[in-house]
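Protein chains in written order, with numbering that gives the first Met the number 0: chain A, 0 to 158; chain B, 0 to 83.
Simulated from the structure, these hints should not be mistaken for laboratory data. Please read these numbers as outputs of a predicted model, since none were measured by experiment. Hints are not guaranteed to be accurate.
Using 25 Å as the maximum straight-line C-alpha spacing, the simulated DSS-like pairs for lysine-lysine come out as follows [to be verified]: (1) A:Lys-91 to B:Lys-55; (2) A:Lys-130 to A:Lys-157; (3) A:Lys-46 to A:Lys-93; (4) A:Lys-51 to A:Lys-99; (5) A:Lys-7 to B:Lys-55; (6) A:Lys-130 to A:Lys-99.
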Amino acid sequence: MHMHKFEKAWLTFGIGALLVFLTVLGVSAFYMGNQPPSCLVTIDPEKVDTTKPFNEPGLKKVEGKDWDYELVFVASAFSFNPASVEVPYGAKVKIMATTKDVVHGFQVAGTNINMMLEPGFISEYTTTFDKAGEYLILCNEYCGVGHHMMTSKIEVVKK
Amino acid sequence: MNRVKQCRIFPIVEYYEFVIINHFPLFRKEGLKQMALHQIDTKTSKTKVEDNSTLKGTLASVFLLGFFLVSVWVSVYFLFLDRF
Chain A
0 MHMHKFEKAW LTFGIGALLV FLTVLGVSAF YMGNQPPSCL VTIDPEKVDT TKPFNEPGLK
60 KVEGKDWDYE LVFVASAFSF NPASVEVPYG AKVKIMATTK DVVHGFQVAG TNINMMLEPG
120 FISEYTTTFD KAGEYLILCN EYCGVGHHMM TSKIEVVKK
Chain B
0 MNRVKQCRIF PIVEYYEFVI INHFPLFRKE GLKQMALHQI DTKTSKTKVE DNSTLKGTLA
60 SVFLLGFFLV SVWVSVYFLF LDRF
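Same shape as in the complex, but just chain B (with noise of 0.2 Å):
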């Protein structure tokens, strides 16, 4: 229990990390070999979060999906303008 409180950052991806290891024999080796890196982790103790995340693919798909926004939004105000 110790282990879940201290690496808990997706409470829900490691529940189903921890039904697939224990009840899929391909992933038992994989989910032993994990559990001794966690018990490694614990012994040094105090597990820091830290955000190393880029975001520069979402930040590169916000401002696409932004700029197509705001040219369909000037180009159909542009012919507005064009009509009568």
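Excised from the complex, chain A in its bound form (with noise of 0.2 Å):
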């Protein structure tokens, strides 16, 4: 079959770059272990309340894991709980949350912690707070009539 030299090259560059990404996706889910935030860990969606970690919510210290903290989040209509947290700053920590009723989002604004909270799923997030501020906590999937009003707030303090 002819084909013009310039259709090699940009097929070459097409086939190329095909191969570049599906690496890239490979290497990061099998070998680095990246994956979804909710990823197969459910939880009784009206028990959330009484189910630990989910029924003090908040930021707290552990021992002996790969992370420093673990802040917990429980999101409802049309709030999060809590309403306000502070972590020290370069903290690692595990973000942890879930929702009681609804599907909602919870992004950090300006991060790359952006998850999707759906009822009986728990979503994770670890990450090391390695910059100062204060950062806004908001639903991105519309959740009802107040859904412009639900918002949280993290600040990033250096003591």
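Each chain sits in its own coordinate frame; assemble them with the hints.
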């Protein structure tokens, strides 16, 4: 089959790009262990208030784990619990969140923390808070009439 | 019919050319000229279809789009690395 040399050039480029993207995806998932924030960890949405650790939302120091703190959030129409939280600068934190009613979003504006909270599932994200400042948490999944009022706040403070 | 077989590259284009030339008086004169040219063509027989297209413009467009996509991908990746 006759093929123009320029056609060969852009086909090589296109197939090369595809291979690079697939390799990045494969390495990220199977070698580095990256997974979606909600990954098969379940909870009874009607018993969130009595199920550990969601019975006590907020920041807690933990020992003997890969992270220093656990930050627990419970979302419900139309608020997050806690409404505001202070995190020490440089702390490695595992954020765990779930919802008691409908699907909510959990986005910390200006960071990579962006999860969907589904009833019956726990969403988790581990990160190091290495930039001081005040970060707005907002719901980015439309959840009802009060959706736009549904916010919370993380303050990363140097102590 | 012989003519059509020999010059056949894009049958759909040929068809529209045929319709336009035969149904619009403005183009009829041009059509007759083309028919004459085709007749000369059939006399010399065996027309070879050669690809003289340069594809330079297409190459430039494809790679402009390609580099735009790659640069956006790299920028977003570095934005991701910069944030916690």
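Okay, the hints, checked on the actual structure:
1. Proposed proximity of Lys-91 of chain A and Lys-55 of chain B is contradicted: the alpha carbons are some 53 Å apart, above 25 Å.
2. Simply put, Lys-130 of chain A and Lys-157 of chain A have alpha-carbon atoms about 9 Å apart, close enough for the 25 Å limit, and the pair holds.
3. At most 25 Å may separate the alpha-carbon atoms for a hinted pair to count; Lys-46 of chain A and Lys-93 of chain A meet this at roughly 22 Å.
4. With a C-alpha separation of about 14 Å, the suggested pairing of Lys-51 of chain A with Lys-99 of chain A holds against the 25 Å cut-off.
5. Between Lys-7 of chain A and Lys-55 of chain B the alpha-carbon distance is near 13 Å, which keeps this suggested pair within the 25 Å criterion.
6. Of the supplied pair hints, the one linking Lys-130 of chain A and Lys-99 of chain A is violated, its CA atoms being roughly 31 Å apart against a limit of 25 Å.
The structure shown violates the earlier hints numbered 1 and 6.
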